[in-house]
Amino acid sequence: MYKYVLRRLLLAVPVLVLSSLIVFGLMRVMPGDALTALMAESGNIGDKELKKLRKDLGLDRPYHEQYLLWVWQMVSFNPGDSIFTNEPIPVALRKAIPVTLELATLAIILGLVIAIPVGVLSATRQDSTSDYVGRVVAVSGLSLPDFWLGTLVITFAAIWFQWIPPIGYASLWESPWRNLQQFLLPAAVLGFRLSAATMRMTRSTVLEVLREDYVRTAWAKGLAGRLVVYKHALKNALIPVVTIVGGQLGTLLAGTVVVETIFALPGMGRLTVEAILFRDYPVVQTNVMLVAATLVTLNLVVDLTYAWLDPRIRYR
Amino acid sequence: MAATDPRPASRRTPLTRRDFVKRTAVGGAAALAVGASRGRALAAASPHPDWIAASAKPPKRGGVLTRASAWDPPVIDPRLTQSVGLFQFVGLTSNRLVRYPFSDEASGPSDLSLKGDLAESWTASPDQRVWTFKLRQGVKWQNVAPLNGREFVAADVKYCFEQYAKEGVQAFTFQEIEGIETPDKHTARIHLKTPNSLFAQNVAEPVAVLFSKEVLEEDGDLKKRLIGTGPYIMKEHTRKVRVVLQRNPDYWDKGRPYVDEYVILSTPDAATRLAAFRTGQSDILWVASPSEADVIRKTNPNSLVQAYHNTLAPFGVALAQDRPPFNDVRVRRAISMAIDRQKMVDTVFEGHGILGWGVPYIYYQDTPPTAKDLGPWWQYKPAEAKKLLAEAGHPNGFETTLFYYEYFPQMTSQVQLVQQDLKKNLNITVKITKLDYTSYYGRYVEGKWDGMSWGFQSGHAIGLDERTYMYMHSKSTKNFFRVNDPVIDELTTKLRRTPDRAEQRAVAKKIVDREYDQVLRMWMPYDNGFMMFQPHMRNVASGALRRTDGYGSPTIARAWMEK
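Quick mapping for you: the protein sequence lines, in order, are chains R and B. Numbering-wise (this note's numbering), the first sequence opens with residue 88 and increments by one. Numbering-wise (this note's numbering), the second sequence opens with residue 153 and increments by one.
Isolated chain B, as found in the complex (with noise of 0.2 angstroms):
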């Protein structure tokens, strides 16, 4: 029979069950192999560029943009969250002081200089504490009532800044200020508690949009109408289905934004997305790994793909550092040497990750860290981890806990490397749990925890003086790592009172030097993910601190499709 069976020889021979667990066994082998070395030879390069040149033809004006979204904005009062769900798109309805450059303006994706938005100049005083904006003249709010276009003036600014400082997450920022000055139509004078030369930065920052004193004052709150001075008006918003901005025709900036509506749809789960960029429901698409690029790139071989690089890693371990035994350095070092970063970066993010670090770099030197710039406690050295916990009394190890919430599935193998780290390096037993959001991040914000938290500093702000002073100030209430070293007070400090870039690139370098050697923050890696546009898009490439959708979303006004 076999020598006349049509059947493919594979097919002929029955497979019993031990023949399938033997292949198996030997195909999933094979598979973790390949996926291995697949991972390093990825992490060696990304076919991707990190940088999307802006076009040399001139824009062309109209179309619909339209970007499947993740987030949904829970409310439209910037003064009321911080959330991505709402500054995915407030940066384009409303405008700031000061802004971060667009792609077509910027010379990388790390060039952090500031351009004027609604303030044409700004200086400060000698020590720092004023600061004094020239507006812009001809800027009209968007002709909408009750604002109907009315020019925009420097008590806008006083307004709203003294709004944000009443109520609201936006108050830290703002409380700084002692009181606004405005000699005329055009100049707002800010006078500072303390002396901060990073106070421009802070007002650049997406939170710091400037809202209309006569929606507020109607309707008591800003959760109905978004008005602003910015490239897009609001057309409508309907919670969980859409929300639709329409190009501003009287916009200050002349001839911009190009693109006649921005549509972002709400879109929570992951694989829609995927489906919508591939079938041009989307033409912005994010994605974490290069295996997922890959495939993408498959269906869509036209697709632009920008290899991001990830600045900074938003979560580490965070540890009760102001109990024992993580008060002492030698347990925190010990832990740090005691964990396989790279192992991380090669497995959970494919070889496309960062090691981990909390400053963005490209605040204190040129390039990413390598291992070795992290310094001795960062390096995974198990022997030297043991002996270290041994001399700080913990010879056998102990037993601790560690919450966490899963932002993304990659953060649970990495809870998990940790927690088989720690168990198999130091004999530190931790007992995981796994938390809802709400439950998670009251908890965690709240800092009475004991043990060990997976925590995070959130990505609404990029200003160096938010990455330092903000989350490491021991009086800072977004010190959420429990920061508590006089060394880092004093520098931190020192950063605000220090202008010249060139000193304060030295003073933040201080800043993680201190920080990776007393392991006060301990990072964890990143993804690095990529930006994928449909091949008509234009002028979008993502900066260094921004991608272009999220917080990053101004970049929009001046992108443009050529089709």
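With the rest of the complex left out, here is chain R (with noise of 0.2 angstroms):
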């Protein structure tokens, strides 16, 4: 087991070298800087003074300097400051991943506690009404895009209860009544797409599984429904439903994006968009690699759940 953790560590060594020079890359490739963002609004700044300000800022160094420099910023945990609101990185993601975590656990939660026990009912009740419902439920969920339920949520808040989550972000530890209105929206439009796709996957692999002999045995030897179901065919449907969790984390926090900003979240989706609307190397580089890094881990995470839920499996 412990080689196998180091194997996969090692392994996500290449992955992260490979994400940081296709992030690096992309960013020079695009065309401005974050000088011109900032500055050359009014047209005011010469263009000595903005020679000046990228030398100042190490814009003109060659890329494979540059390059070199931001990684050992990187492996030496001091990854800079921004360059559009000089603000250190770490200041900045200490604020904005909080917001995200919370954001990205809650809709997890949800998602779960709405995927399972429908996935299980459309499949215990298959080709019933409530089956049918579910699988609508859960087209729905897979088709509408994050920006249009978030939209459509919080416009029918608005005209139908008179109410929208709280504007101007309160932390759990400052107003956890507030924050928890401020959440509940964005984590559901967030979950309800999560839920889909679980759902979806447990109905069908519940289904399998109960048609499995020793599921029919538990049956026979009369068991009563629910044990059977939820003891012993739920557990062993569970393993693609984890990978399916697992490989929607990615979507999930690209979900963030847009749900941060329909919801005015402060959280690691908004502080990237900005980021690479205004060329912000160090800030864009910093998010990508540590969402790169969140997403091994979370890999590797899921590949070890697997032998929780099914003991025979063994890693080498």
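Bear in mind the hints are in silico, worked out from the structure with no lab data behind them. Only true hints are included.
Computed from the model, here is a short list of chain B residues facing chain R with C-beta under 7 angstroms: (1) Pro226; (2) Asp421; (3) Gln433; (4) Thr590; (5) Gly594.
Backbone N, C-alpha and C define an ideal beta-carbon position, used for all residues, glycine too.
Join the two chains, each given in its own frame, into one complex according to the hints.
Printed below as a string of structure tokens:
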């Protein structure tokens, strides 16, 4: 097991190096830089002054030097400051990460709370009304883009209930009730999408497992229906579901970009999008690397979960 | 079965695919027809007033004013940005030497008379090169360390303007200053390198706010603290969350401001801002179209609405007029005549928009220009346009490019309408490229592009000098439309040497006439929009050149809430 984990961690290194090269390259290929965005707006900055500022920020150095300098900053856990706002990147991240983490966690919880029971219900009552309703809801979740659903939710909440989540982020520790109001709707929007695929997968795998011999044996022994479904069938049906959930975490993080914008939450998504728009190289690069590292870790965790779900699985 | 079926008749017959397609087509056509006639109807008259008079009641103190805002300040150093994100509130924390009137003292939206802000009076020498500002006495910096309520004096003006000239985006304006004398504590005498009768207007701009020496010297920049002499003290600035401004109890204009706290909530999504207004979380909202205003009035019937009328269009088709084929005036005129601007106003802006002109009309005439006022080359005459293009040597049209950034969703429709008109009327094939903000800005401002761009003039300054000399003189760094016309150079320079208001109007008119005749900047229609306020808001009307939000936010200093 330890060897397996170590091997996976070592394999993560080339993935991260490749990610760093891609994000570094893409940012340099995009036209304009942070100074263009910040200073050129007035048309008052002369070429001379722009050149001086670029030099001060190291933007005039050869690309390989810029890359190596950045890699060094990353491995020494000092990603530097934002070019656009001058705020140290760790400070910006300390503010943004908890927001996205809370949003993503709530979305996953809400998504699973909806998806697994509905998936099981759909499977155990195949082709009944509840099955059809569940499938229609799942297809809707897959078809409706987050930006559309989010806009719809906030607009109709305002019209029908004269209420929307309070704008102006408050942390969980500062004001738990306000924080909950702010996160419930966005998490539901994200969770709905997540629940759709998970529900479909739960339904099909539970259906498959329910037809297995050992489940038939359980029925034949006279075990209660709930016990057969939840203890014998569901646990064995969960491996593909976990795989699907793990695979959707990337989509979930991408979804936070839109949802954070609609619900005015100052998370990683907004931080990254703004940084891309203003060519804030260090911020974009750091954020992308952070997301890449998170996804690599989460995939490893997902793989390790298989052994817990199915003790027959061994890692070598 | 049909006789006993309780369902409505419309639901009894199964809908075939053919029926569905037919009904959709008929419905769509009907909706389009209704939409078009609605646009024309709205064009005829807006049910909302264009000015909200100041309240006759005595102002009431207190309350928290909240506004969901699209903008977030990138930095809070006024030397380093002209972002609306910053200038939506800097006019409240800080003052300028002179200012434009507040809505409770303006005679109407077009009142541009200058009022004293930190200066009580100001005069120019006969040659318009020396400007003397007599400062208001007893003004104190906000009672926040390191200023701690120190007196504001003429040396502060000297220091601040010298710093502006030294570096940053405001430098162009302040570099015209040759030197500043401070003969006494309350007098600043500014010597200009060249005559400029419009200098007072330039220092009335929101971007000319006065900042303190102490903060800049202690911190090395103004990125962390913003301390001014203004009616509000910046209590909090959390990026992408909120800006909180608290009433300055020691403000020199005694009794003001009226509102205790002004909170600006960073809300990038338009639908969320609208929902925030609907639910009372935001007191002020800007919407672009009449239909949006009507929809909101359905849920918020008591909200106050001001129909805004733009005095200028910030966007137009910029041509690479320093090279072929656009260096030929006939080509520019032909293109201008081939574009149906009225159709754009009717369809894209639902009739509530302007045809497009670049210099605010209030500087040279009393009423908005009609299509006729804009001259022959701005009329939609496709046949004449084709003839003119043929005379210029392009009977079969040509191919060109156009790049743009979508500042607002309607812009894409505008760009496509121009593309269609030019293809249909002149056989000019326009290849459109949509860019992100930074790519667009960098490329546009650099000014080395070919073909066309959807050009802009920035909205940070509203003075006549800014809109003429700074944007059109061939030597100006803000001449983004690449105007290089000796007549314009001469006239814009002359305008700077003309102190008399009536003469200024005459020269300004000559400038715009020349601009229209030579099609130096091909302005495009622009929306008018509506300012919406919660019913308890008072003294918040937008002026002709400044809305209550954005750069016009100093208005809030005189606003109050009746609740």
